[in-house]
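Quick mapping for you: the protein sequence lines, in order, are chains A and B.
Heads up: the first sequence begins at 1 in my numbering, then just goes up one per residue.
Heads up: the second sequence begins at 1 in my numbering, then just goes up one per residue.
Any given hint might turn out to be false.
Not everything, but these chain B residues come out facing chain A in the computed CB check (under 10 angstroms) [as the list claims (entries may be wrong)]: (1) G45; (2) T89; (3) P130; (4) G195; (5) G248; (6) G255; (7) G357; (8) A361; (9) G407; (10) G430.
In case anyone wonders, no lab produced these hints; they're calculated from the structure.
In this text, a Cβ means the ideal position worked out from N, Cα and C, and glycines have one as well.
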Amino acid sequence: MRPLTTVTAVAVPLLRDNIDTDAIIPSREMRTTGRSGLADGLFAGWRYQGGEGRQPNPEFVLNQPRFAGAQILLAGQNFGCGSSREHAVWALAEFGFRAVLAQSFAPIFYRNCIRNGMLPAVLGGAALAQIAATVEANPVSEQISIEVASGTISLPDGRQWHFELEAAAKTMLMEGLDEIDLTLKLRSAIEAFATRDRVERPWIYLEDL
Amino acid sequence: MTPPRTLFAKIWERHRITDLPGGMTLMAIDRIFLHERTGAVALRGLQAAGRGVADPARAFCVMDHIVDTRPGRGDQTLMPGGQAFITDTRAAAQSTGITLFDVTDPDQGIVHVISPELGIVLPGATLIAPDSHTCTQGALGAFAWGIGSSEAEHALATGTLRVSQPRTMRVSFSGRLGAGVTPKDMAIALIARHGAAGGTGCAVEFAGDAVASLDMEGRMTLCNMAAEFGAMSALIAPDVTTIEYLKGRRYAPPGLLWGRAVKHWRSLVSDPGATFEIEIAMDAGAIEPMVSWGTSPEHSVGIGESIPASAGERALTYMGVHKGRALRGLPINAAFIGSCTNSRLSDLRRAAALLVGRRIAPGITALCVPGSTAVKRAAEAEGLDKVFTAAGFEWRESGCSMCFFAGGERFPAGARVISSTNRNFEGRQGPGIRTHIASPETVAASAIAGAIADPREFVR
């Protein structure tokens, strides 16, 4: 996993509530069984005219040249609700996003972010509105800087906001660790649990039945 | 004396292997279920990293999401490129040794329909699947939740997950549901009142007289919609209804183990005095049949109500409706009965009861897609298939079907669809498709009327 410590980049405002993972990557855009080839389908229903094909909808914010190269997305409440598809995070990452700042996140999407080097930062509605207004006026000069370690978001004029991140999530993002390797090192604790549990709840262990 | 504990706390503590630095807990995972849409990528990721499945006997996989539902199906599917999802998943499942319910298997069906049917999910167990509606299975008193593909890979490789403890919430439904009002309406009413993020990050226990009196299938419908409430999971304490339901199912505890398991399961209740971080009370008797008007499940009202003045422009425009418009009488183009929410035998029976001797309105496209091959067989044995087809519905093989648009089969362009599914998101059933979610009864009644209708007017 690609570590994430700091990012300074153009931000795109998409301050809607309940942006669901079907909107982020429609099912019809999940064309292969791999994790790649998804950037083209990101927000396809909004990004392309009629929601299909590849004719850009000029009104959609990601199609506006002034937001080119954006790596930070600003959203409203309950971002990433709906389907558990990790493809939503993979599509955002492949498009170039490294962070989503929103009022709240759906839990599965949030966890998927942490596991893919994508920062999900929770900010208040007023903070998001201020940041959005600033970048809306001049996205290229008003780039946002994020520092994961201190949980700080800053604008060039010095305004700053703080976000909270669980310590484990912070470590995962900053170190880009392979979680499975870490867990496999706990094998003795896992085996001790299973030995005890097999006696207490034998019906769970189907291979023994 | 031990302090009173919630049902959730009992399951959580039972599965806690160790607390991890940074606030997470390593939890034992008892059952893993995959499907071909998001499971193949997890299995392949595992293989690419040179890892195996820790305990293949406790991992299952089914083909449900993009399989064809037309009669005589095989691996071909209308979704462009869809066949690769089926063949890749099959190959990966076979090489890792997990149990696969393949396209033509007599036990094939939607993951959250077949897992309870086969007794794979059990009270007090932890079950995960890379599918947001995994919370459905909490209806059996399990701690079941949806995850992403990376977490599925972790669970497959280690038999565990790193989990942050969710907040606890109890939603108590008092009273009795009125005639023609269903668990689907209970769920939509809850979401309409408290919002699509009302339960975010919570393990939600559904309780109260109106929940205890539901059959297992109704409980599954209620828990299913917890995903649309933002919840991590839903739980209902196992009781005699749960235990009777599980008895004799294929993967349920056999022989002498059954008695031991039941004894354990009977302890899985929230103790009197146990506290929840959030408590919500709902009066089941006050709930009407519910229908969504907008593009989030929270955009819903009772069938007798109108679209509220607070409705947002974006949702109104997409749905082609306006503030103050009554939902009842809004003309529809299509009707869909199916999905992990409402495709079980009792759902089909209740819809069929309204359709007997009636025809759907001219010009309406109507489909009934049973939730599993076993549901389909049982429905056919009762003659329900003939009721649906005589009324003008298509009768399909089981699968997720048109709950979402995967690029293949679609509703007519611009269609307004009344649907027993769980999501009325923009574009969920296809670009420009306008989805109204409701109970199977409301879908059947609306198909007959050709417009959104109150099912209570069709009961005989």
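So, going through the hints one by one against the coordinates:
For G45 (chain B), the interface hint holds, since its Cβ comes within 10 angstroms of a Cβ in chain A; the closest pair sits about 8 angstroms apart. For T89 (chain B), the suggested interface contact is upheld, since its CB lies about 8 angstroms from the closest CB of chain A, less than 10 angstroms. Here the hint on P130 (chain B) is kept, as its CB sits about 6 angstroms from the closest CB of chain A, short of 10 angstroms. Because the beta carbon of G195 (chain B) sits about 8 angstroms from the nearest beta carbon in chain A, less than 10 angstroms, this interface hint is met.
Hint status for G248 (chain B): violated, given a least beta-carbon distance of 14 angstroms to chain A, over 10 angstroms. Below 10 angstroms, beta-carbon pairs count as interface contacts, and G255 (chain B) has one with chain A at about 9 angstroms; its hint therefore holds. Because the smallest distance between the Cβ of G357 (chain B) and any Cβ of chain A comes to about 37 angstroms, over 10 angstroms, the interface hint for this residue is violated. At a threshold of 10 angstroms, the smallest CB-CB gap from A361 (chain B) to chain A is about 28 angstroms, leaving the interface hint violated.
The closest approach between the C-beta of G407 (chain B) and any C-beta of chain A is roughly 4 angstroms, which is under the 10 angstroms cut-off, so the hint is satisfied. Checking G430 (chain B) against chain A by beta carbon gives a least distance of about 8 angstroms; that is within 10 angstroms, so the hint holds.
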